[in-house]
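Asks: In the order they appear, the protein sequences are chains A and B.
Per this note's numbering, the first sequence starts with residue 41, numbered consecutively.
Per this note's numbering, the second sequence starts with residue 162, numbered consecutively.
Keep in mind that a hint or two might mislead.
Below, computed lysine-lysine pairings styled on DSS-like, alpha-carbon distance capped at 30 Å [as the list claims (entries may be wrong)]:
no., chain 1, residue 1, chain 2, residue 2
1, A, Lys283, A, Lys235
2, A, Lys283, B, Lys255
3, A, Lys51, A, Lys235
4, A, Lys84, A, Lys235
5, A, Lys323, B, Lys444
6, A, Lys51, A, Lys283
Per label pair, the in silico range of CB-to-CB distance [unchecked claim]:
no., chain 1, residue 1, chain 2, residue 2, range
7, A, Arg196, B, Lys444, 47 to 55 Å
8, B, Gly407, A, Arg306, 50 to 58 Å
9, B, Asp335, A, Glu246, 47 to 55 Å
Note that these hints are calculated values from the structure, not bench results.
All C-beta atoms in this analysis are idealised placements derived from N, C-alpha and C, irrespective of residue type, glycine included.
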Amino acid sequence: MKGRYDMIQLKDVSYVRLGSPDLESAESFATACLGLQIAERGRKDLYLRSDERSHTLCYSEGDPNDQTVGFEVEDEASLQEAAATLEQLGRAVHAGTTQEAEQRKVRAFIGFRDPTGNHIELVVRPERSGRRYFASRDAGITGFSHIGLNSTDPARDERFWTQVCNARVSDRIGDIPLMRVNAIHHTIALVRAPKAGIQHINHQVESSDDVLRSYYFLNARRVPIVFGPGRHPTSGARFLYFKGPDGMIFEYSVGVDEIEDEATHRPRQFGFEPTSFCMWGAKPAGMTLPNN
Amino acid sequence: MNNGRATPLITSVCYVRLAVSEPSASARFVSDIFGLQRVADQDGEIAFRSDDRFRTVSLGPDSADGASVGIEAWDDAALEEIGRRLRENGFAVKEASVSDCRRRYVQSALLAEDASGNRIDLVVRPTRSGRRYFPPRDAGIVAFHGVGLRTIEPARDLAFWRALGAEVSDWVGDIAYLRIDGLHHRIALYPSQRNGLLYAAFEVEALDQIMQNSYFMQESQIRIVQGPGREPASRQMFLHVAGPDGTIFSYVNGMAEIDGKPRPARQFPLAANSLCDWGSESKDVPELRAPGG
Chain A
41 MKGRYDMIQL KDVSYVRLGS PDLESAESFA TACLGLQIAE RGRKDLYLRS
91 DERSHTLCYS EGDPNDQTVG FEVEDEASLQ EAAATLEQLG RAVHAGTTQE
141 AEQRKVRAFI GFRDPTGNHI ELVVRPERSG RRYFASRDAG ITGFSHIGLN
191 STDPARDERF WTQVCNARVS DRIGDIPLMR VNAIHHTIAL VRAPKAGIQH
241 INHQVESSDD VLRSYYFLNA RRVPIVFGPG RHPTSGARFL YFKGPDGMIF
291 EYSVGVDEIE DEATHRPRQF GFEPTSFCMW GAKPAGMTLP NN
Chain B
162 MNNGRATPLI TSVCYVRLAV SEPSASARFV SDIFGLQRVA DQDGEIAFRS
212 DDRFRTVSLG PDSADGASVG IEAWDDAALE EIGRRLRENG FAVKEASVSD
262 CRRRYVQSAL LAEDASGNRI DLVVRPTRSG RRYFPPRDAG IVAFHGVGLR
312 TIEPARDLAF WRALGAEVSD WVGDIAYLRI DGLHHRIALY PSQRNGLLYA
362 AFEVEALDQI MQNSYFMQES QIRIVQGPGR EPASRQMFLH VAGPDGTIFS
412 YVNGMAEIDG KPRPARQFPL AANSLCDWGS ESKDVPELRA PGG
């Protein structure tokens, strides 16, 4: 990282956009299994809600390798500063057009790729909905919360996210950082992988009852459970990972710790072993642990 | 629950004595797998601890004085009152001999039978231990919690427990959850084709231990009868594990407390979602199943 630049201040994760060749299957999984609410159904787009926001997940007809994650920044001035910072560091920045911003239900946005090549968008004023969230099934979802992001070089990408985007490391498992952008233990979990992509999409649920209920519910519907029910010793969250359309992994979890003292928190180091990922004894099946 | 008395007649479920075909093989399950502390081997019975009591589980050979459930009575006056009430209601009761008491690690006892033929020991001053409980593995067991009993005479068996001061907290079909202290239930009666102990339940620290034990059983290739699950009526989480000779050993946590204002017993239908909130089902234990479940 060369020269002086303004640190980009991420406020929260905002949405995920996924390409899919089969919007019908995506819709049926999102409503009957995952339990999201349909916000809007376009000819080539499907907008889904999980909380007070207008949408947090959008499927667009297209290539399932097209995966984008959006983060909110403070205001349009911050967005301009962020674009300048990225360009200064030699990253190509796409300024979102009005039409593209409308598609994303945001006031303005820019797009770029992180060092691994993940497609990242920074957005300003993402829309909220006046109506409360009403789930399509009683999965107990309280909101979209974090993503697992592929990384071809976790140490390099940790530097990018912490030194350019103001993310902070909450804990590490081996050399895998769990990073926060606000008080929540982590919003970005890097995952060692051969190529760019979103490794999992997390939604928070109300209680551990919901995690266990969904375990039996999804099992009965033959949705592949790839990890859990379990509990992460890092964040303290009880979790369940399962596979959706186009191989995307979704996670329900509850009880993610908050970092109480931002100033004094020191990342804890966990060994790279199964018990660092699950303290109950669950073993991943059909899902690789980061680093493998 | 005190039937107008200043103190209750009974205060706890304090032990189960199991009659098993192979006591030493079963003992390995109880200590190495389930996680209770083996403490004594006396009069042909192997004794195990789960808390500050001297023992809460015994395994003995399948003999005449084999199996029983121990219920702690307040004192000898309460024991006398219990004897009077049970005889009045037509139940068989006899005084325990010195050797009966020694075998049970208690000071005095009445040996009773409910209408189904389940042996219930009403005991006074069960032995406690001065040393703290130290289990052989980290299963997180905190205390012996209670029992599920099979009943072939639900109405008469309920009369037996009511004579001791127990109250029905809730019904699931004709399954009765019986309260003897501030918790939702310590004893549950399950209508069945036969009598006997259905399960012995041990409280663990938290959901963590229910789940850890669930994965431990899977890895040890021990059959899980039902769970992890949660009883809607009592809010109790459970893992029912297949124990010796068909007896279920259960890990439980989170049972609701019932204190303060009395409320009538609630009726839940005999359906799968009345037995488990999460969706677990028992494949092969009929007492834990709902029809069509």
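Asks: A separate judgement is required for each hint: does it hold in the structure or not?
Replies: Verification of the supplied hints:
Our distance criterion of 30 Å between C-alpha atoms is met by A:Lys283 and A:Lys235, whose separation comes to about 19 Å. A hinted pair counts as satisfied when its Cα atoms are at most 30 Å apart, and A:Lys283 with B:Lys255 does not qualify at roughly 62 Å. Distance restraint check for A:Lys51 and A:Lys235: the Cα-Cα separation of roughly 26 Å lies within the 30 Å cut-off, and the hinted pair is therefore satisfied. Under the criterion of a C-alpha separation no larger than 30 Å, the hint pairing A:Lys84 with A:Lys235 is consistent with the structure, at around 26 Å.
Taking the CA atoms of A:Lys323 and B:Lys444, the gap is about 24 Å. The hint holds against a cut of 30 Å. With a CA separation close to 28 Å, the supplied pair A:Lys51 and A:Lys283 stays within the 30 Å bound. Between A:Arg196 and B:Lys444 the beta carbons are some 51 Å apart, a value that agrees with the proposed interval 47 to 55 Å. Against the hinted window of 50 to 58 Å, the Cβ-Cβ separation of B:Gly407 and A:Arg306 comes to about 52 Å, which satisfies the hint.
Take B:Asp335 and A:Glu246: their Cβ atoms lie about 33 Å apart, and the range 47 to 55 Å is violated.
In the structure shown, a violation is registered for the earlier hints numbered 2, 9, in ascending order.
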